[in-house]
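Protein chains in written order, with the working numbering: chain A, 1 to 296; chain B, 1 to 296.
One or more of the hints may lead you astray.
[Unchecked claim] What the simulated footprint calls covered on chain B by chain A, stretch by stretch (three residues with Cβ under 8 Å from a Cβ of chain A suffice, anywhere in the stretch; the number is not a length):
# : segment
1 : 33–46
2 : 99–111
3 : 134–143
4 : 156–170
[Said to hold, decoys possible] Derived coverage of chain B by chain A (criterion: at least 3 residues anywhere in the stretch with Cβ under 8 Å from a Cβ of chain A; other residues may be distant):
# : segment
5 : 8–16
6 : 82–93
[What the hints assert, rightly or not] Derived DSBU-like pairs (lysine-lysine); straight-line CA-CA distance at most 35 Å:
#  : chain 1 : residue 1 : chain 2 : residue 2
7  : A       : K46       : A       : K168
8  : A       : K168      : A       : K99
9  : A       : K246      : B       : K246
10 : B       : K246      : A       : K46
Worth flagging that the hints you see were computed from the coordinates, not collected in a lab. Fair warning: this is a prediction, and the values are worked out from it, not measured in the lab. Glycine is no exception: its CB is placed at the ideal position from the N, C-alpha and C atoms.
There are 2 protein chains.
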Amino acid sequence: MAEFDVQSWSAERLVRVERALESWVGIDAPADLGEAMRYSVLDGGKRLRPLLVLAASEAVGGNAQAALRAACAAELIHAYSLVHDDMPCMDNDVLRRGKPTVHVKFGEAGALLAGDALQALAFELLTPESDQVPEAMQARLCRLLAHAAGSAGMAGGQAIDLASVGVKLNEDQLRQMHRLKTGALLQGSVLMGAACGEVSTAGRAALADFGAAIGLAFQVVDDILDVTADSATLGKTAGKDADQDKPTYVSILGLARSRSYAHELYAQALAALDASGLADTRALRALADMVVNRAH
Amino acid sequence: MAEFDVQSWSAERLVRVERALESWVGIDAPADLGEAMRYSVLDGGKRLRPLLVLAASEAVGGNAQAALRAACAAELIHAYSLVHDDMPCMDNDVLRRGKPTVHVKFGEAGALLAGDALQALAFELLTPESDQVPEAMQARLCRLLAHAAGSAGMAGGQAIDLASVGVKLNEDQLRQMHRLKTGALLQGSVLMGAACGEVSTAGRAALADFGAAIGLAFQVVDDILDVTADSATLGKTAGKDADQDKPTYVSILGLARSRSYAHELYAQALAALDASGLADTRALRALADMVVNRAH
């Protein structure tokens, strides 16, 4: 197989994702809601979730239009969660991707509404009136996204997070929090990509394992970067978790064991791809690599 | 046709809706997220949106399982909007249905997350893995609900509302605000009910007109009650709109013209039902009556 150039693979897909988000987010929204939605979503972010959707869809020969919509929908859920998470009643952060957070720029009520509208928009994107995406596929994508975003997924993880400030969690509890808070949407992105095409039950299970492993790896690396990187590199306030007395992998396992855990999860992710039976998983492999070896 | 007993019609459907909400909301949600979700939804509310879904579905001979899910989903969107709307950064209300609001009881972060999780749950309810509801129908229900909830619907209307405090709106601007803020979800409830069965294009258009008319009537009556009823009857703080310098129908049209406008909209709603070609619209008619003649 020819060598896989992840840079050009990503670059080409990011152009499509950015163009789609640009054309779909905050169009025709009244007052300054549209502006707040666009500010929340455009011009920033690694777009890891969209890339996961697209890579998984390509691995199963998925419907490209469905995958692009699912990619953007996953990013909108991620974006809304950041907007709400940054609000004063949650993390009270004023800096995100090097820019003032949404509530700083549009007020708290504006941020609240922008987040709410972004969540609804995610489901609008998944259910176009066009026949380019079969309605049965639309329904399955909505099911996966709603589950990943809801109380058994991202929102549930944030509730655990909220309840655990100043509380001593053990490693199992920390893992459970992150499986929901960050892992559910990352895994959901992989599963949405798979739902854009045909895949065997075993293949889908392997992709679910892959998504779970990189979802957790992402958070372990996040915790490591929170103590090893500076705010300029991160584009957000570094050292916040320790300041806020939040449990992290580093605080529970220490730095060295956190690093080896991240690499163990990476190995699990690659093993899952090998077990998937899919012909070409190079993009998914490259994304796993990006998750573990990122600098911010 | 035998006389229609709206009391027993509603009572029977409310039992089903309450039982379904009881079994579907906040189950298995971690920390106190589930409790906050249940507090937001159970034990209160007129359930107007669920009744509209069920009445429209029955009028078109719809799938009962789909209609029950759509009924609950519409109520969850309504409930989440109240939770967020009551927060200090929005209306800052401490009383709702005679009880402390969610942020008073669970903190602001708890209320924010409960609202977010309720919105996701609405789409989960619409997309069960069961084959009792065909996936194409699931997709259409998600499409209608997402549109009604999003920036071209409820969230958009709230953004206009937010931008118009202390601003002098004319009647057209006020109508546009309410068409989105309250009207979109009420109309969406009727359309979701219709989407649970088969209906002609003309029939669907007539139901859309019906939904638009009662959606607006609901808000006109709300504005009237805000100045004519007391807090105990309303179960929320009366006279708030005037206190907060918000434009209302009463402030723009005066009380007498607001009342006649409500009755004009009621007549429009009934005319739409007559034009629908549907055999039995008695429940929808009774709900229109309930909207216009309610005391709270």
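Here is what the structure says about each hint:
1. 33–46: Coverage by chain A holds here, the residue count being 3 at a Cβ distance below 8 Å.
2. 99–111: holds (count 4)
3. 134–143: Holds: 7 residues of the segment 134–143 of chain B have a Cβ under 8 Å from chain A.
4. 156–170: holds (count 7)
5. 8–16: Since three or more residues must qualify, the claim that chain A covers the segment 8–16 of chain B is violated, with 0 doing so at under 8 Å.
6. 82–93: Result for this restraint: holds, n = 4.
7. A:K46 x A:K168: Given pair A:K46, A:K168 holds - Cα atoms ~31 Å apart, limit 35 Å.
8. A:K168 x A:K99: With Cα atoms ~32 Å apart, A:K168 and A:K99 stay inside 35 Å; holds.
9. A:K246 x B:K246: Violated, because 41 Å separates the two Cα atoms, which is more than 35 Å.
10. B:K246 x A:K46: violated, 41 Å
When each numbered hint is compared with the structure, violations occur for hints 5, 9 and 10.
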